[in-house]
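**Student:** Residue 325 is where the sequence shown ends in our numbering, and the numbering goes up by one at each step.
I should point out that these hints are in silico values taken from the structure, not numbers from a laboratory.
All C-beta atoms, glycine included, are put in the ideal place defined by N, C-alpha and C.
Check before you lean on any hint, since a few could be wrong.
[Claimed, not checked] The list that follows gives simulated cross-link-like pairs (lysine-lysine, DSSO-like), each with its CA atoms no further than 27 Å apart:
1) LYS246 <-> LYS205
2) LYS154 <-> LYS246
3) LYS249 <-> LYS201
4) LYS80 <-> LYS91
5) LYS154 <-> LYS111
6) LYS318 <-> LYS240
7) LYS318 <-> LYS249
8) LYS85 <-> LYS212
9) LYS3 <-> LYS51
10) LYS80 <-> LYS70
11) LYS208 <-> LYS70
12) LYS91 <-> LYS154
13) LYS308 <-> LYS318
14) LYS91 <-> LYS111
15) LYS208 <-> LYS236
16) LYS308 <-> LYS80
17) LYS3 <-> LYS154
18) LYS202 <-> LYS214
19) LYS240 <-> LYS308
20) LYS111 <-> LYS51
21) LYS214 <-> LYS154
22) LYS111 <-> LYS70
23) LYS205 <-> LYS236
24) LYS205 <-> LYS318
25) LYS202 <-> LYS246
26) LYS111 <-> LYS246
27) LYS236 <-> LYS318
28) LYS91 <-> LYS3
29) LYS212 <-> LYS236
30) LYS236 <-> LYS249
31) LYS238 <-> LYS308
32) LYS51 <-> LYS85
33) LYS201 <-> LYS111
34) LYS214 <-> LYS249
35) LYS208 <-> LYS238
36) LYS214 <-> LYS238
[Stated by the list, open to error] Pairwise CB distance ranges (calculated):
37) VAL268 <-> ASP199: 52 to 60 Å
38) THR196 <-> LYS308: 50 to 58 Å
39) SER59 <-> GLY295: 40 to 48 Å
40) LEU232 <-> THR108: 25 to 33 Å
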Amino acid sequence: MKKIAVFTSGGDAPGMNACIRAVVRTAIFRGIEVYGITYGYDGMINGNIKRMQSHSVSNIIQRGGTILKSARSESFRTKEGRQKAYEQLKAFGIEGIVAIGGDGTFTGAKLFFEEFGIPTIGCPGTIDNDIYGTDYTIGFDTAVNTALEAIDKIRDTAAAHDRIFFVEVMGRDSGYIAVECGIGGGAEFVMVPETETDLKKVVKSLKNLRKSKSSSIIVVAEGDEEGNAELIMEKVKDKVNDEDKEFKVTTLGHIQRGGNPTARDRVLASRCGMAAVEGLINGESNCMAGVVNGDVTYTSFEDCIGKTKPIKGDHLKLIEILSI
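Sequences are here, hints too, so could you generate the full structure?
**Tutor:** Dropping the structure here:
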């Protein structure tokens with residue numbers, strides 16, 4: 002293999018730059034030309050492809066976001082769009098691809114490989130930590146620490162005013178961020194898409210907690226079946242019916258995607274980036290490079306896309322026990 006390309010796609014995640022850096026420098030170390038594709042699959046279609054050198058990735062390991070940019074691509078969903086992308090790659094002589102992203106990125110990569118056969122390996126770049134085949138995804142640890150810092154500050158003001166705060170974190174289909182923030186932030190309740198939210202139990206517990214706690218923190222994943230934090234707060238407030246208690250909502254939003262990646266994310270991203278290049282060299286393809294139980298593993302895109310990664314039951318139990 003003489004030439005490979007790397008791109009980022011889907012939602013950005015802290016640590017993507019560290020992964021790009023690892024891909025570029027591992028390729029160069031192995032005597033392979035490496036190209037960066039800007040704006041994901043759209044950039045592939047439009048030929049936004051440039052040669053990268055070692056200095057191209059200097060001073061980026063500590064930066065959030067992605068120097069290769071990211072974009073959604075409706076054109077790549079069509080056969081015509083994918084044909085154009087293939088022609089652009091062939092024009093540059095690119096023989097292998099490293100795709101950094103999440104479920105949508107891998108779905109596109111799997112289809113592209115099946116149609117055109119260009120070897121592709123993915124790196125799990127998403128803050129949601131919802132990809133099967135890796136213990137953690139690139140950006141998850143940073144997102145949790147960003148949210149946790151905010152929750153700690155909210156706890157201070159909640160205690161000062163005896164308030165109940167509903168804090169909404171990202172997680173449309175996954176409650177991993179909410180659960181780890183709930184444990185780390187000492188939340189009284191955590192609401193996630195993976196489990197059914199019992200509002201009657203929440204209301205009853207809040208009424209009982211008034212005897213021992215003057216304030217409470219409730220962490221809500223944005224994809225909870227009862228609605229977002231604002232809707233849930235209104236439902237609970239009406240049932241608690243306590244005029245002396247103030248209810249507040251804070252939606253953390255996209256701050257969870259930004260910021261300098263933690264050491265844990267930088268190391269994970271670097272390991273996955275190197276493993277992706279090494280995998281291409283050794284004949285791996287149509288799979289993702291992840292880390293399971295401390296070891297680098299390769300998991301087929303089909304499994305990454307088709308299998309779920311459930312939240313550990315003991316994590317949910319921890320919140321229930323420690324919130325008393």
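**Student:** None of the hints should be skipped; say for each whether it holds.
**Tutor:** Evaluation of the provided hints:
For a cut-off of 27 Å, the pair hint linking LYS246 to LYS205 stands: about 15 Å separates their Cα positions. The suggested pairing of LYS154 with LYS246 holds, with an alpha-carbon distance near 19 Å, which does not exceed 27 Å. Our distance criterion of 27 Å between C-alpha atoms is met by LYS249 and LYS201, whose separation comes to about 19 Å. Only pairs whose Cα atoms come within 27 Å are accepted, and LYS80 paired with LYS91 is accepted, the gap being roughly 17 Å.
For the hint pairing LYS154 with LYS111, the CA-to-CA distance comes to about 43 Å; that exceeds 27 Å, so the pair is violated. Between LYS318 and LYS240 the alpha-carbon distance is near 25 Å, which keeps this suggested pair within the 27 Å criterion. A hinted pair counts as satisfied when its Cα atoms are at most 27 Å apart, and LYS318 with LYS249 qualifies at roughly 26 Å. Distance restraint check for LYS85 and LYS212: the Cα-Cα separation of roughly 65 Å exceeds the 27 Å cut-off, and the hinted pair is therefore not satisfied.
For the hint pairing LYS3 with LYS51, the CA-to-CA distance comes to about 15 Å; that is within 27 Å, so the pair holds. Distance check on the hinted pair: LYS80 and LYS70 sit about 24 Å apart at the alpha-carbon level, within 27 Å; holds. Note on LYS208 and LYS70: the hinted pairing is violated, with a Cα-Cα distance of about 48 Å set against a maximum of 27 Å. This hinted pair does not check out: LYS91 and LYS154 have alpha carbons roughly 52 Å apart, beyond 27 Å.
Distance check on the hinted pair: LYS308 and LYS318 sit about 24 Å apart at the alpha-carbon level, within 27 Å; holds. For the hint pairing LYS91 with LYS111, the CA-to-CA distance comes to about 18 Å; that is within 27 Å, so the pair holds. Proposed proximity of LYS208 and LYS236 is supported: the alpha carbons are some 14 Å apart, at most 27 Å. Distance hint between LYS308 and LYS80 is fulfilled; the C-alpha atoms sit about 26 Å from each other, no more than 27 Å.
Under the criterion of a C-alpha separation no larger than 27 Å, the hint pairing LYS3 with LYS154 is inconsistent with the structure, at around 51 Å. For the given pair, LYS202 sits about 17 Å from LYS214 by alpha-carbon distance, which is consistent with the 27 Å threshold. As the CA atoms of LYS240 and LYS308 are separated by approximately 38 Å, the hinted pair breaks the 27 Å bound. With a C-alpha separation of about 23 Å, the suggested pair LYS111 and LYS51 falls inside the 27 Å cut-off, and the hint holds.
Between LYS214 and LYS154, the direct Cα distance comes to roughly 17 Å. Compliance with the 27 Å bound is thereby established for this hinted pair. Under the criterion of a C-alpha separation no larger than 27 Å, the hint pairing LYS111 with LYS70 is consistent with the structure, at around 21 Å. Distance check on the hinted pair: LYS205 and LYS236 sit about 13 Å apart at the alpha-carbon level, within 27 Å; holds. Under the criterion of a C-alpha separation no larger than 27 Å, the hint pairing LYS205 with LYS318 is consistent with the structure, at around 18 Å.
For the given pair, LYS202 sits about 18 Å from LYS246 by alpha-carbon distance, which is consistent with the 27 Å threshold. For the proposed pair LYS111 and LYS246, the alpha carbon gap of about 52 Å is over 27 Å, so the pair is violated. A distance of roughly 24 Å separates the Cα atoms of LYS236 and LYS318; the hinted pair therefore holds under the 27 Å criterion. Note on LYS91 and LYS3: the hinted pairing holds, with a Cα-Cα distance of about 13 Å set against a maximum of 27 Å.
Between the alpha carbons of LYS212 and LYS236 the distance comes to roughly 22 Å, so the proposed pair stays at or under 27 Å and holds. For the hint linking LYS236 to LYS249, the alpha-carbon distance of about 13 Å falls within 27 Å, and the restraint holds. For the hint pairing LYS238 with LYS308, the CA-to-CA distance comes to about 37 Å; that exceeds 27 Å, so the pair is violated. In summary, the hint linking LYS51 to LYS85 is supported, as the alpha carbons are separated by about 17 Å, within the 27 Å threshold.
Restraint check for LYS201 and LYS111: the C-alpha separation of about 44 Å exceeds 27 Å, so the hint is violated. At roughly 16 Å between alpha-carbon atoms, LYS214 and LYS249 fall within 27 Å of each other, so this suggested pair holds. For the hint pairing LYS208 with LYS238, the CA-to-CA distance comes to about 11 Å; that is within 27 Å, so the pair holds. A distance of roughly 17 Å separates the Cα atoms of LYS214 and LYS238; the hinted pair therefore holds under the 27 Å criterion.
Remark: the range hint 52 to 60 Å for VAL268 to ASP199 is contradicted by a beta-carbon distance near 39 Å. Between THR196 and LYS308 the CB atoms are about 19 Å apart, so this pair departs from the stated range of 50 to 58 Å. Separated by about 29 Å at the C-beta atoms, SER59 and GLY295 break the suggested range of 40 to 48 Å. For the pair LEU232 and THR108, the beta carbons lie near 30 Å from each other, so the given range of 25 to 33 Å is met.
Violated hints, in rising order: 5, 8, 11, 12, 17, 19, 26, 31, 33, 37, 38, 39; the structure is consistent with all others.
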